[in-house]
Amino acid sequence: MSIVAHNIEKLFGDPPTHVLKGINFEIQTGEFVSLTGRSGSGKSTLLYILSSLDKPTRGDVSLSGLSLDQMSETDLHLFRNQKIGFVFQFHFLLPELSALENVLMPARKLKQENEKRPYAIDLLKQFGLQDRINNLPHQLSGGEMQRVAIARALVMSPEFIFADEPTGNLDSANGELVMRIFHDINVKNKTTIVMVTHDQEFAKNASRQIHLADGKVVSV
Amino acid sequence: MLYLAYRHLISRKKQTLFTFLGVFFAACAYVVIAGFFLGFQDYLVDQLINNDAHIRVSAREEIINERDLDRNFFSEAKHIFWTVPPGGRKDETKIENPQGWYSRLEKDPRVLAYSPQMTAQVIITRANTSTTARLIGSDALKQQRVTNIKNQMKEGHFSDIAVGGNRVIVGDELLAKIGARVSETLLISNGKNTPTPFKIVGSFHIGIRSLDQGVLFAALQDVQKIAQATSQVNEIAIRVTDVENARSIAESWAKISPEQVQSWDIINSNVLNVFNIQNATRYLVTFVIVLVAGFGVYNILNMIVIQKRKDIAILRSMGFDQNEVIFLFLSQGIILGLIGGLTGVFTGYWICRYLETISFGGGPLGSGAGHMTISFSQHIYFYGMLIALISSTAASFLPARAAGKLTPIEIIRSGAE
Chain A
1 MSIVAHNIEK
11 LFGDPPTHVL
21 KGINFEIQTG
31 EFVSLTGRSG
41 SGKSTLLYIL
51 SSLDKPTRGD
61 VSLSGLSLDQ
71 MSETDLHLFR
81 NQKIGFVFQF
91 HFLLPELSAL
101 ENVLMPARKL
111 KQENEKRPYA
121 IDLLKQFGLQ
131 DRINNLPHQL
141 SGGEMQRVAI
151 ARALVMSPEF
161 IFADEPTGNL
171 DSANGELVMR
181 IFHDINVKNK
191 TTIVMVTHDQ
201 EFAKNASRQI
211 HLADGKVVSV
Chain B
1 MLYLAYRHLI
11 SRKKQTLFTF
21 LGVFFAACAY
31 VVIAGFFLGF
41 QDYLVDQLIN
51 NDAHIRVSAR
61 EEIINERDLD
71 RNFFSEAKHI
81 FWTVPPGGRK
91 DETKIENPQG
101 WYSRLEKDPR
111 VLAYSPQMTA
121 QVIITRANTS
131 TTARLIGSDA
141 LKQQRVTNIK
151 NQMKEGHFSD
161 IAVGGNRVIV
171 GDELLAKIGA
181 RVSETLLISN
191 GKNTPTPFKI
201 VGSFHIGIRS
211 LDQGVLFAAL
221 QDVQKIAQAT
231 SQVNEIAIRV
241 TDVENARSIA
251 ESWAKISPEQ
261 VQSWDIINSN
271 VLNVFNIQNA
281 TRYLVTFVIV
291 LVAGFGVYNI
301 LNMIVIQKRK
311 DIAILRSMGF
321 DQNEVIFLFL
331 SQGIILGLIG
341 GLTGVFTGYW
351 ICRYLETISF
361 GGGPLGSGAG
371 HMTISFSQHI
381 YFYGMLIALI
391 SSTAASFLPA
401 RAAGKLTPIE
411 IIRSGAE
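Which chain is which? The protein sequence lines are A and B, in order. The working numbering puts the first residue of the first sequence at 1, with every later residue one more than the last. The working numbering puts the first residue of the second sequence at 1, with every later residue one more than the last.
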């Protein structure tokens, strides 16, 4: 199993609000899964728990057979760096760095930037950004910035991509382009993708939908 | 992370420039202020150490008490009553056992040189002009080894008085004050005897006004004649191998001799007390400088951390840990501290070089070095750099730690954009 969520619960605030209630599911390696649900259903919270950015109040998540709860902080950071790629609704590019430098940023943690440079350039070319390699983020359009963010998520050849509303800030043409890229990554690299979206059209691109309502999985 | 820190700095030119200027001015101001104060102190200490003895042995001025003369007059009597009890001060003050001192000083390896002296307050007269001064009688060759007087001669040679024969070397300001010139004759008297003619064979300029306008040197035996104290000395000037030990040596000798034994720092304690006030002022100014520079760095970095919340979130999601995020911001403070400190002390050095050329306290009757004395001690530059580094590092630590504590999920949930 690629991702196993076991009895995940999440409470927020005081008095506590039960955001996630007993979530259990499994995702196979190479699956493309969309997390859907209405606003406030807990889909983003679940994504961040699955991706190790947040911790559940109860329950456990395993990625590639490794329990996140059992990992040390150091191992968790390395795991995140090497095995996980994130794409957010906002691109979160570092404004001081060019498109290429942003893509290579994860590789800098392990000083692999020179080794990964040809691959990073190749990714940018694949995403139609060959003329934007040395541009700073403010010199790029919204769609271009999101494509750079996806290239950054892919540069370490991760096993998992976690995407939170990756098309939320894009027009329909750019949204479709991003979805096509995700589809290609999933097919070519067998990368497991978990994507939060409230757009049913984009959700249909995934091989499976996990639908949440009021913090519970309604359909898997 | 150093790479990203560098890119952060160059992308925010205005903020970086202002932070840099704060550290730069702090380091520069410290170097100039410390250079000025310590230069002045070094000059004065140098003057005190090289122009006078490191240790001075002086005869005690003995006060006569009611019972002091009992045995001199009535050695057999048991009960002595004075109608008018004796009082006052002994007429002559002399070192009781100078030979004992010479023997002790010659055997002591800590002693470099010593010079027995006879010092007397005299009235000097030239034509119709009279003034009082201090006449120091010494063995010229020994005196030259104890002080730096040989190098401070303006005219003639200090050894010219060695042969005696009523020759005198006069401070240049005293010479100007009485309107005399070298090779002329002065009349010198201790106020009790007939004035004796002394030939001026040279003049000196030490740079301490009290000496330049109030001291004359002559041969020991000539002064003994003036003071009517043949074969007596009332002071021994001593130079030791290590001036740092002067005080402890003086204290050890004071315990075993009836004479007053004082080291140079005790004799000049009033001057050294002024140094303490100066140092306190310098430390206060340094503290204010560090505080101002530190607050500059703190404010700007704090603002940057708030502005960079989403960058921190994405870095953490890429696997960069808390320490790497702390390092990202801390290193910006350290880089600014290093560059600001280096350029600050470098500029401070050149300002000090310029200050050194400014005329100060010179002139024909003036004293002092003739220009501002600035210290270029390596310690000043080392501490200047240290102040720049510590203030910027300490000031960037709090914002950096705050950045390190941010978790990506908090930033993402708060919708940082």
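Hint data in this document are derived by calculation from the structure and do not stem from the laboratory. Glycine is no exception: its CB is placed at the ideal position from the N, C-alpha and C atoms. Hints should not be assumed to be uniformly reliable.
Capping the alpha-carbon separation at 20 Å, the derived lysine to any residue pairs in SDA-like fashion look like this [unchecked claim]:
no., chain 1, residue 1, chain 2, residue 2
1, A, 111, B, 331
2, A, 190, A, 62
3, A, 190, A, 111
4, A, 111, B, 274
5, B, 405, A, 22
Far from chain A, by Cβ distances over 12 Å, these chain B residues were calculated [what the hints assert, rightly or not]:
no., residue
6, 6
7, 41
8, 50
Worksheet item: Is the straight-line distance between the alpha-carbon of residue 405 (chain B) and that of residue 22 (chain A) 20 Å or less?
Response: Since the Cα atoms of residue 405 (chain B) and residue 22 (chain A) sit roughly 30 Å apart, the hinted pair is violated (cutoff 20 Å).
Item to complete: Against chain A, does residue 6 (chain B) hold up as non-interface, every C-beta pair farther apart than 12 Å?
Response: Violated, because the least Cβ-Cβ distance between residue 6 (chain B) and chain A comes to about 9 Å, which does not exceed 12 Å.
Discussion item. What's the verdict on residue 111 (chain A) and residue 274 (chain B), does the C-alpha distance respect the 20 Å limit or exceed it?
Written reply: Between residue 111 (chain A) and residue 274 (chain B) the Cα gap is close to 58 Å, so the pair fails against 20 Å, i.e. violated.
Worksheet item: Is the Cβ of residue 50 (chain B) more than 12 Å away from each Cβ in chain A?
Response: The assertion about residue 50 (chain B) holds, with a minimum of 59 Å to chain A.
Discussion item. Check whether the Cα positions of residue 190 (chain A) and residue 111 (chain A) lie no farther apart than 20 Å.
Written reply: Since the Cα atoms of residue 190 (chain A) and residue 111 (chain A) sit roughly 26 Å apart, the hinted pair is violated (cutoff 20 Å).
Worksheet item: Does residue 331 (chain B) lie within 20 Å of residue 111 (chain A) when you go C-alpha to C-alpha?
Response: Satisfied, since the Cα-Cα distance of roughly 18 Å is no more than 20 Å.
Item to complete: Take the C-alpha atoms of residue 190 (chain A) and residue 62 (chain A), compute the straight-line distance between them, and say whether it is at most 20 Å.
Response: 19 Å, holds
Discussion item. According to the definition I'm using, a residue is off the interface if its beta carbon is farther than 12 Å from all beta carbons of the partner; does residue 41 (chain B) meet that for chain A?
Written reply: 48 Å, holds
Checked against the numbered hints above, the structure violates hints 3, 4, 5 and 6; every other hint is satisfied.
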